[in-house]
Amino acid sequence: MSRQRKGSLMDKTSLKRELGLLHATMLGIGGAISAGVFVMLGHAASLAGTAIIFALLLCGIINLFTMCSYAELGTAIPVAGGEYTFAKVAFGGFVAFITGWFEWISNMFYAALCSVGSAYIISYFIPVNVPLTAVFMVIIFTAVNIRGVKEAGTTEVVMIVALLAMLVIYILGGFLYGPRTDALQISMPRGAWGVIQATAYIFVVYLGAEAIAVAQAEIKSPGKTIPRAIMLSAVVLIVVYTVIAYVTLRTISPEILGEKAAPLSFAAEQIMGSLGAVLITIAGMIAALSSINTSIMAQSRVAYALSRDGYFPKGLLKIHERFGTPHLAVIVSSIFTGALAATGVVDFVGYATDFGFIVGFSLVNLSLIRLRRKKPHLERPFKAPLYPFTPIAGLLTSLMLLAFIDVGVLTLGAELTILALLAYHIRMVGYYRIRVAFGGISLGISGFTLLLAFLIQTGLIALPSVLSQWATILFYGLVFASAIYVLAGVLNITAKA
Amino acid sequence: MRVRKTISRIVGVVQGAIGALAIIFAYVLYHNFFNLQDMLNVTAGNLLLYILFLLIFGLLSMISGLFLVYE
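Line by line, the protein sequences give chains U and E.
The first sequence runs 22 to 518 under our numbering.
The second sequence runs 309 to 379 under our numbering.
Please note: incorrect hints may appear among the correct ones.
So the derived list for chain E, only partly shown, Cβ under 10 Å to chain U, looks like this [what the hints assert, rightly or not]:
{"no.": "1", "residue": "Ile318"}
{"no.": "2", "residue": "Ile359"}
{"no.": "3", "residue": "Ile371"}
{"no.": "4", "residue": "Glu379"}
No lab work stands behind these hints: they were computed from the structure.
Here a beta-carbon is modelled for each residue, glycine too, at the ideal position from N, C-alpha and C.
Looking at chain E on its own, in the form it has when it is part of the complex:
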């Protein structure tokens, strides 16, 4: 049981961190820091779609990660 709890915590932290990184990436992409939109060939038309995708992915990952951390 203790092993499961430890694994849950580690996986939860990593999953939550991936989610948080996705949200930070969405923020950086939206504000075009480091000229990221040009570097990744992101057109203005597709930008909001990518942002939405990243935010939903990030949000779901963070919630799932939190479930595991606080199991």
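Pulled out of the complex, with its shape left as it was, chain U reads as follows:
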């Protein structure tokens, strides 16, 4: 819910230390509770059955490993900027850039996920077009962020407490009014494989608690408060999520839950009637809307920081004359977010969010290991316990989750990594060399296209029956494309250095 501190701190380095243990813990809890748990529990339950409770527990433990790394780095590097700053100090160069890149992208995915999630939550009561509503949400919060958002402070804590209270009412309602049948039977329709798949899918519900470490500049006695707040929020989240899953699955079977777009609202209606559904819908909307706002803010600030360091175009550094916000960075990031939200697909965007953050988590663990070796005498008010076990466990478990992410998302991730490599090399290797490389690629594609045209013309490639009547047009089309790629290749190669 409150990733805004992460964003707002990108360009602030001297802030008052006003946040105590309660505030910091709430920051972590609020950072993690977003639309995810309200809309993703159904699909996760269809993957893991009632063993989703174990999947949520496993997520919490995996999250805890990396949170230890966040706690150490957050207190040892008292500079704003989160993961990007950690990687910059530990590695610099490409690793820092790729960390910032994935931080930027994962916040975009996160904002899109929350937009789509909020649209599904609304659709439980009002029949709305989900993709359109999600895009509308992105547009609204883009405008809000261009205008500028003040940090909420106490108001934010009150909202998180209210949200937690609503979830506690749901849990109590489940125990008091839910079916008092036998104890919950543990089922795993897809075996242990399904549980790990569900773990990779629902991991997103724990993301955001790292906001505590990132907000270290505002926390009183950070050496003591940050680790305590991180552990407390992680434990609270594990308890809240597993009990919510227990109460929900006690009432509704995983198969039915898997068919619902807003599973928690449906479960609340079964337990407490329409009042329960309204309560959970309000809770879901508070969590989702706040998360959209803060993740849009965070992504724009990361884009701003990457521009400041010369990786992104300098145009993104432009500050709005009236509102004093990096409006171009907000707009550019929001265009991508809007496009993602327009898919209206929770599962895909959820996996994509997981992918971005898991890569970020891996890099944070690597940064910790690297810094321990590179700067052994660096002052560390808090040290990750059981080093090197914790960061290595955090790294390995994160990578394990990556292996279970949807293949389509992994393909997208590979492409985003290629794009990152390209963007970095344009900056570091130089524009001219990249153009020569693209010229070569264009010439290669041209040769391949011409060969394809020849094979079709001579009948060496058998076309499907539906295409055979278009063979001549296809041939000329390929020859035309080949000519275009030859020209493109020559023009790129002969471009002036």
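Fit chain E to the supplied structure of chain U, relying on the hints for placement.
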């Protein structure tokens, strides 16, 4: 110089458009609009490979096209 710039722009736009069409085609194929997978005899096993190929081709073409347009 002006001629080169004009040619670069035209070629860049066409190349970028071919790239964009390849990506749109990949999307249409993936979602099996117009029953395209059956029409083109695309098996489920090969589908992801085709999609990957089309996306990489589209992406490279669009980037190369953009280089030429903004020369």
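Mind checking the CB of Ile318(E) against every CB in chain U and telling me if the closest is under 10 Å?
holds (9 Å)
Quick check on Glu379(E) please, does its C-beta sit within 10 Å of some C-beta on chain U?
holds (6 Å)
Ile359(E) was flagged as interface toward chain U. Is the shortest Cβ-Cβ separation under 10 Å?
Check passed: Cβ of Ile359(E) comes within 8 Å of chain U, closer than 10 Å.
Is the hint on Ile371(E) kept, meaning its closest Cβ partner in chain U is under 10 Å away?
holds (7 Å)
In summary, this structure violates none of the numbered hints.
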